[in-house]
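Undergrad: Here are the chains, one letter per residue:
2 protein chains.
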Amino acid sequence: MEERTIPYKIYLEESEMPKQWYNVRADMKNKPAPLLNPGTLAPMTAEELGHVFCDELVAQELDDTTRFIDIPVEIQDFYKMYRPSPLVRAYCLEKKLETPAKIYYKFEGNNTSGSHKLNSAIAQAYYAKKQGLKGVTTETGAGQWGTALSMACSYFDLDCKVFMVKVSYEQKPFRREVMRTYGASVTPSPSETTEVGRKILAEHPGTTGSLGCAISEAVEAATQSEGYRYVLGSVLNQVLLHQSVIGMETKTALDKYGITPDIIIGCAGGGSNLGGLISPFMGEKLRGEKDYRIIAVEPASCPSFTRGKYAYDFCDTGKVCPLAKMYTLGSGFIPSANHAGGLRYHGMSSTLSQLYDDGLMEARSVEQTAVFEAAEQFARVEGILPAPESSHAIRVAIDEALKCKETGEEKTIVFGLTGTGYFDMVAYEKYNNGEMSDYIPTDEDLAAGLAGLPKVE
Amino acid sequence: MEERTIPYKIYLEESEMPKQWYNVRADMKNKPAPLLNPGTLAPMTAEELGHVFCDELVAQELDDTTRFIDIPVEIQDFYKMYRPSPLVRAYCLEKKLETPAKIYYKFEGNNTSGSHKLNSAIAQAYYAKKQGLKGVTTETGAGQWGTALSMACSYFDLDCKVFMVKVSYEQKPFRREVMRTYGASVTPSPSETTEVGRKILAEHPGTTGSLGCAISEAVEAATQSEGYRYVLGSVLNQVLLHQSVIGMETKTALDKYGITPDIIIGCAGGGSNLGGLISPFMGEKLRGEKDYRIIAVEPASCPSFTRGKYAYDFCDTGKVCPLAKMYTLGSGFIPSANHAGGLRYHGMSSTLSQLYDDGLMEARSVEQTAVFEAAEQFARVEGILPAPESSHAIRVAIDEALKCKETGEEKTIVFGLTGTGYFDMVAYEKYNNGEMSDYIPTDEDLAAGLAGLPKVE
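Protein sequences, first through last, are from chains A and B.
Each residue of the first sequence is one higher than the one before, starting from 0 at the first, in numbering that gives the first Met the number 0.
Each residue of the second sequence is one higher than the one before, starting from 0 at the first, in numbering that gives the first Met the number 0.
Some hints could be false.
Given that identical chains are not distinguished, each listed pair holds provided it fits within a single copy or across any two copies.
As the list claims (entries may be wrong) - Simulated crosslink set (PhoX-like; lysine-lysine; CA at most 25 Å straight-line):
hint, residue 1, residue 2
1, K133, K94
2, K79, K255
3, K94, K79
4, K429, K165
5, K94, K128
6, K308, K318
7, K8, K18
8, K289, K318
9, K18, K128
10, K308, K454
11, K165, K318
Keep in mind the hints are simulated off the structure, nothing from the lab.
Can you build the whole structure from these sequences, using the hints too?
TA: Rendered as structure tokens:
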């Protein structure tokens with residue numbers, strides 16, 4: 000196919016948008032390990048999970064055999080308001096880098112939540128509404144998930160209680176106001192409003208909070224309130240399922256133009272974006288139909304894939320959640336305050352952890368000054384101001400494109416640009432002022448985090 | 000055509016994007032009045048204007064006969080990075096309002112500058128580069144224009160000096176950081192760096208600045224520096240020309256689905272968005288081919304159309320610019336500090352002023368609490384968090400749709416959604432906290448502003 004026939008942005012027609020989510024677990028020989036009851040160490044049953052999550056979402060969480068799951072029409076309609084997202088050919092970046100590589104990015108930032116998180120938020124809100132619930136609770140770190148959930152709940156007229164990691168609550172008052180504009184209540188975590196919050200505050204006065212801690216509070220708030228359930232924006236199988244819409248659109252767009260990627264790159268915190276983006280490609284790989292290099296990129300300051308351990312761990316600091324088998328830094332691990340932006344979770348999606356352990360994907364960690372350099376370079380030629388999280392993927396995409404420049408290889412690189420950095424200007428200011436630095440945890444830091452792993456088997 | 004065949008978002012193909020701008024002045028019987036030399040009161044010559052503006056832009060400013068002007072390929076390529084912008088059918092808003100009206104909005108916020116301003120910024124930067132200039136200077140109020148220009152200059156490797164109205168500089172540090180990320184220098188205005196700035200500071204110590212004042216500083220900075228010219232984001236004929244890309248895309252998208260609007264609505268500060276959106280429709284109206292109701296919406300706190308005077312006035316506070324004939328509140332008018340967001344300029348585009356004076360469009364002023372109510376309502380059902388400026392148009396679109404609900408008329412309403420409110424969360428916070436109020440200038444306030452009009456004829 001002639002090069003220039005590929006437009007800057009490939010948009011699908013509404014009729015080409017996915018009507019089903021793809022469940023990559025159905026194609027995995029080694030299934031992700033089940034969630035365990037922390038008391039009995041037996042796999043969590045649907046009934047047990049139903050106290051925390053909506054029934055339909057529990058079913059999706061446990062289903063590792065159904066390959067395609069219908070997207071309800073109500074969710075399809077909502078998707079039509081901000082999807083399909085464009086698959087962009089980064090012509091200007093390629094030119095700037097003078098690389099023979101062909102670079103594409105799937106841009107998920109064109110919605111008010113500013114990221115891909117809305118894809119799962121709207122699904123989770125829909126099922127909560129369908130079950131007749133009053134509302135949902137959740138945690139948020141950088142604020143993308145909380146914003147997305149607020150939007151989704153306002154659309155379905157559900158109450159929404161967000162526990163926001165204290166350091167973000169203070170650094171990102173504007174994120175908080177977006178959530179409030181959508182009618183959500185926002186509480187800085189740890190807070191005095193929950194038992195687990197009070198306990199953590201007593202043990203660690205002055206803590207700036209963590210995702211693991213906010214999760215504990217949100218779960219408690221949900222299980223202690225009539226008509227509420229807890230929802231989570233990443234890590235879970237159900238979330239990766241909803242996010243498969245990213246990968247399916249990407250694949251349809253590429254197929255339309257006869258493009259086969261060589262390398263697929265995504266940033267990874269809990270794994271929702273990466274898992275969604277790679278799903279259909281990983282499916283082909285699992286079924287032996289095609290091969291792709293898949294690279295997960297994580298912050299050097301929170302390196303669960305590259306320096307963590309594959310083991311059962313608590314999903315939250317308060318240890319009220321089930322145990323999950325995952326690459327983890329230990330539920331007590333808190334990334335250095337030096338680290339700007341998201342991708343702070345101590346563990347990684349069980350699905351992605353299994354795929355990584357099976358050698359089906361690579362992982363790379365990058366330092367934040369290098370990440371912001373890439374962000375600035377990208378912004379100046381491609382226009383979009385990227386989120387720090389997404390910029391991890393940009394960093395590695397640029398690195399790979401520069402390798403192509405050396406070797407002369409015309410590789411096709413696809414990366415996920417998960418969101419915009421409009422609410423991350425404190426971090427950009429630090430970078431602009433030359434005040435940003437890197438912190439890589441020492442082996443001792445990591446050993447301390449891992450010392451708290453639960454004994455399983 | 001069957002109703003539901005219209006998608007939520009109409010995107011044009013790259014091949015359907017405009018290759019020419021449309022110059023509405025070519026179809027006006029009564030041309031907009033020329034800019035005058037404030038000393039001689041004679042029309043400004045191209046040579047005189049060339050000291051301030053780039054040569055090609057001067058030609059565009061003065062050309063009121065050429066109907067279509069080619070968009071250079073370099074600009075078309077940049078447009079392809081973030082355009083076409085979607086024309087969205089507001090199905091969810093219609094449903095919420097229970098109106099038989101059909102509502103569409105042209106959404107210009109899907110780019111990092113967050114607004115339509117980029118359409119003209121990239122054109123002005125291109126012509127500056129082509130002329131071999133080192134850089135450009137400008138002013139910015141709410142920050143959308145400054146951000147857009149920073150992006151455009153970074154793309155063409157031009158230096159960019161932005162004078163930012165002091166109150167915005169202080170209230171919107173994040174806007175400033177976006178501009179710095181794109182390599183621009185940002186100075187709060189009035190500043191000590193220019194003669195006119197020092198004079199204004201001496202006369203009004205403690206002033207929080209105004210657009211008119213920042214313009215004076217930017218013009219001085221351009222004319223006093225070798226290789227620099229001044230660029231402006233609104234008001235001028237050339238800007239309306241570039242912004243015609245909005246209206247042309249809108250019209251192509253509507254034509255594709257056989258839709259004829261009854262009412263076209265846009266917010267109006269200096270007039271760039273409104274002028275661009277309505278251009279091709281106004282052209283049909285001027286040529287007697289079709290009729291449309293066209294409504295300009297302005298803040299009740301800065302009501303140049305609805306309460307101003309049609310007269311020659313200074314474009315800037317320091318009176319260093321040419322005189323323009325326009326609806327104006329007087330170059331000394333400064334909107335109440337109570338007013339949040341943009342649309343603060345004391346005057347209105349000469350082109351729009353002439354069209355309004357000729358009875359070809361209507362104007363309406365709205366109060367800001369009503370504007371934020373509309374913004375919140377829109378955000379909750381349509382997902383997008385709108386800029387306060389854009390929300391003026393939303394307010395009137397909702398009002399018109401509610402009239403249709405009363406009368407049962409199925410009118411088709413198109414409005415311009417110029418941008419996102421990500422950098423306006425201070426104003427949203429005020430609204431969320433119930434602390435927002437309205438201020439409408441008294442007749443005495445307005446008389447004071449108009450007392451300073453220059454004597455012409």
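Undergrad: If a hint holds in the structure, say so; if it does not, say that too.
TA: Hints, one by one, checked against the model:
For the homomeric pair K133 and K94, the shortest alpha-carbon distance between copies (22 Å) is at most 25 Å, but the shortest distance inside one copy (52 Å) is not. In the homo-oligomer, the alpha carbons of K79 and K255 lie at most 25 Å apart both inside one protomer (20 Å) and across protomers (19 Å), since each shortest distance falls under that limit. Taking the shortest alpha-carbon separations for K94 and K79, only the inter-copy value of 15 Å comes in at or below 25 Å, while the best intra-copy value is 33 Å. When the C-alpha separation of K429 and K165 is checked against a cutoff of 25 Å, the pair qualifies both within a copy, at 20 Å, and between copies, at 22 Å.
In this assembly of identical chains, the alpha carbons of K94 and K128 lie at most 25 Å apart only when taken from different copies (19 Å versus 48 Å within one copy). Taking identical chains as interchangeable, the C-alpha atoms of K308 and K318 lie at most 25 Å apart only when both belong to the same chain, with a minimum of 18 Å there against 68 Å between chains. For a Cα distance limit of 25 Å, the shortest separation of K8 from K18 qualifies both inside one copy, at 22 Å, and across copies, at 17 Å. Taking the closest pair of Cα atoms, K289 and K318 never come within 25 Å of each other, the shortest separation being 41 Å inside a single copy and 68 Å across copies.
In this assembly of identical chains, the alpha carbons of K18 and K128 lie at most 25 Å apart only when taken from the same copy (20 Å versus 47 Å across copies). In the homo-oligomer, the alpha carbons of K308 and K454 lie at most 25 Å apart inside one protomer (13 Å), although the nearest pairing across protomers, at 80 Å, exceeds that limit. With identical chains, the CA atoms of K165 and K318 are at most 25 Å apart within one copy only, with a shortest distance of 19 Å there and 49 Å across copies.
Violated hint for the displayed structure: number 8, the only one.
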